[in-house]
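If you want the building blocks of each chain, they are given just below.
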Amino acid sequence: MTTSPRRVWWKTAVGLVLTGLMLFPVYWMINVSFTRDQDMRASPPHLFPTNGTLDGYRAVLDQQLPYLGTSFLVGLGTVALTVALAAPAGYALAKLRPPGGPALSFLLLIAQMIPGIIMAMGFYAIYLTLGVLNTLPGLILADTTLAVPFAVLIFTAFMSGIPDELLQAAVVDGAGRLRTFWSIVLPVSRNSIVTVSLFAFLWSWSDFIFASTLAGGGDHQPITLGIYHYIGNNNQQWNAIMATAVVASIPAAVLLILAQRYVSMGVTAGAVKD
Amino acid sequence: MTPTTRISTTTRGHGGAAEAAPPGPPAPRTRRPGRWLAWGFLAPTVVYLLAFYAYPLYRNVELSLREYTVRSFVQGGAPFAGLDNYRTVLADPAFWPTLAHTLIFTGASLVFQFSIGMALALFFRQHFPLSGTLRALILVPWLLPLIVSASTWSWLLNSDSGLVNAALGVVGIDPVNWLTSPTWSLTSVIIANIWIGIPFNLVVLYSGLQAIPVEVYEASALDGATGWQRFWSITFPLLRPVSAITLLLGLIYTLKVFDIIWIMTRGGPTGSSATLATWSYRLGFGNLLPEFGPGAAVGNLLIVMALVAGLVYIRSQRRQHLR
Amino acid sequence: MTRPNRRRRLAAVAVLALAAVTASACSSSSGDSDDGGGGAYLVWDPYPQFADDSDWVALLKKCGTSAGVTVERTGYDTTDLTNKALLAAQQSNSPDVLIVDNPVISTLAEAGALTTTEENKLDVSSMAANLLGAGQSAGKTYGVPIGANTLALYYNKDLLTAAGVDPASVKDWTSLTAALTKVKAKGKKGITFSAIGTEEGSFQFLPWFWGSGAQLTSLDSPQAVSALSLWTDWLKQGYAPNSVINNTQTTSWQEFATGDFAFAENGTWQLANAEKLGFSYGTIAIPASAGGPAPAPTGGEFVSIPVQKKTGRYATSQKLVTCLTSADNLLTTDTTLSYVAPVAAVQDRQATENPKLKVWVEAVRAAKGRTGDNLGTKYPKISEPLWTAVQAALSGGKSPQEALTAAQASATSK
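Protein chains in written order, with this note's numbering: chain A, 1 to 274; chain B, 275 to 597; chain C, 598 to 1011.
These are computed hints drawn from the structure, not numbers from a lab. Values in this document were obtained by computation on a predicted structure and should not be read as measured data. Glycine included, C-beta positions come from ideal geometry on N, C-alpha and C. Incorrect hints may appear among the rest.
Beta-carbon label-pair distances, calculated as ranges [as the list claims (entries may be wrong)]:
id : chain 1 : residue 1 : chain 2 : residue 2 : range
1  : B       : Pro403    : A       : Gly69     : 32 to 38 Å
2  : C       : Gly856    : B       : Val445    : 42 to 48 Å
3  : C       : Lys873    : B       : Asp448    : 32 to 38 Å
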């Protein structure tokens, strides 16, 4: 893949255009977040927020910061729980081949099919009885369902690629299954752990249906619910809604770019280890 | 670079989804006790599955087999109705059009999400300045709550004040009633859904591409293969397992998409963009007087569709192994 | 649901086992909603826009203090609240006081989830009869209205003056359409409303439907067809934008706010936003076909007391509801919500304090409950075919006559 510098910059230009196209709706969201109510339905639409307003952002900064914190905690909790549940399961399915394993994989696939609203109603009924509505652990448990089946599938896929000789050697050394898993499988799978974590975090970050069913109105509301402050019974404040979405996506976007770096770093680190 | 660890991850990874396929040469069998010990590793997930997926699923099946009214929903004692709710749903004049919309929505979304995702993955695979950052940025649509991205799309596609029609007007094309005409509403929600699905396809396909060893390409470059030939003869076949799992997951996620359609068109006008998922929601929740039974029945039909797709996937994987 | 309790317990045990493992890390559990008796009283309302420091929450707290209890309040999105209330009732875990949108009352009453005002000795004698109607079923009343809103026509004064239209001349459908023609001739847009495929669409269509003399029991009457034809023709003539088919009441208001529209059908709740418009506005009642104001549907919420296992809690709940619906508090609440009070005396006070509310007080007095006329839970089965018909006719799929014939057939088959 040796190309002349000019060719490379040409590619960057195409990349910029493609990214621009994909992100145009995001730009539009930003545009609306600055738009005054009376210009929202202007025809033809304003390409730039001329006569822009900061009302939306003022509302968000006044009211939304605590929700960002909750979203972070829930996201981290979801990542931890997802990896804790799915990594051992992936290892077992990929390497230990238990009886009934394929059936379980199939069930996991089907589990993802249950519509979110039905899952949410099930959780609601359980949580109401247990009294864990509107709590952080409750929301984390629920958000984890978004990622666990996917995570098990991904871990299984990734871990079945670990050379058996590597594990065999450990067993010969007298390491138990648990030790093997902990000190060999996990470190080698760092890359897939990052991928799964990223997915788990993003899903929990953008989850709306569980949050609104299970945490709506409590003290622990994530940022997606913050939006509801601007959706009244008969009325919606669109610039504030879009401003919330913009503010909410900034930390997540930063995280995404950092994770991207880490993924490529993890790749080389893993390769060096072998 | 010795990419052994990561390569096998995705290229051979398909086996894990449905069956524990031996990677490469048949591995020595693990000792018997290990097999049962495996369930120790699986136990947390199994408990979790039972606790959190089984109950909602059971509930949904139960709802669909009884004749629920709001009263019996709260007070209990709904009579067992067998498959009556399913019969009601199948006999509804809305059923066949809705099924057709579901298939078109899912099919078109998958084809475009996948091919655009693949094209972008191939493009970003070539390392050029900013490629990593731009690739990360393309994932941003994913971070947005659906209520926001779907509302933005309905904004852009608005008949009178939407940017798309304004742009068409500049080129001299008459405005299209994207969201409000029965001919266009389904297309509009498909466009929005494709946009939302591209990042997922990009991520998974990209990591699949990463796993293809550079040596393979170098060998073919010596043979004088062109880029296009290389794609069809090397990349695509090697990527097949990843593609299969991407498409299967995409199918499952697309079948149950409801928020985007609901926010953009409410499945209308007159059901022209309704899918089974929005129909199920409308029956169960979109009305002042919920019809739980038929709503749950439609939801279960969707689950059955995904089940069939899963079985087809497993069979095709198995056949590939025999080959 | 044969043995719901045992099954629930089993599920609960499984969850607890798991929760115990995970929860030990983060041990905050402030949202403990299940208390034995006394202490905190739960109130659910559909006003998520009000934060904890709002007047509304302050009022709830004050009423709690004077009843000797603490109030724990949760604001839910209104579309969510019906399902939540039904589920909570199913799990015997309802809040002590529930505030819901008026057409939902009949559904919850049908489900047996609400107590009657008679059982709890709530005084509803001062409430306006046309508002109370939405909360009544088979001679029993299931809640107390906390405030009402309804629809009228907002108009853009500047635009009408420029087009040479006197708003006072708009008295019936003919004069309204004539006004729209004049506005269109000026290159501006006529009217915007919301005809979306949800309850909101029916709500907005009803003033025209009732104004034609049609009845909800017969959706395909010639009067009904004339109402739908009025809307359809406006779209065909370009007096109303095509986007109305997808407009919520908010998006339709945003269209009006651009200043390009002469009229907008919208509700009392937009009054605060109307003051922020970049032009001067006025309001008139929605005209009936043959003149005079058309009956508009009533909107607004009811305060109700859901059924509890611990019947001892009712006495305190009753105090809370009485406090919330007392004349002085109604005035505060309805001012913050920009609603019209359900009590005649308070309505008069509102109109004197804010003369702009006078039109609205009159509109509310002329308004009609959707679930009234003894329709109750039959209303949703009529409303859905109705909004579907409106959508079919406006999007050009069917003629108004065909659409309404199909709607009537579908309403009677359910």
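Status of the hints after comparison with the structure:
Under the hint 32 to 38 Å, the C-beta atoms of Pro403 of chain B and Gly69 of chain A, about 36 Å apart, fit the expected range. Gly856 of chain C and Val445 of chain B have their C-beta atoms about 28 Å apart, which leaves the hinted 42 to 48 Å range violated. Taken as a hint, the range 32 to 38 Å holds for the pair Lys873 of chain C and Asp448 of chain B, whose Cβ atoms sit roughly 34 Å apart.
In summary, the one numbered hint that this structure violates is 2.
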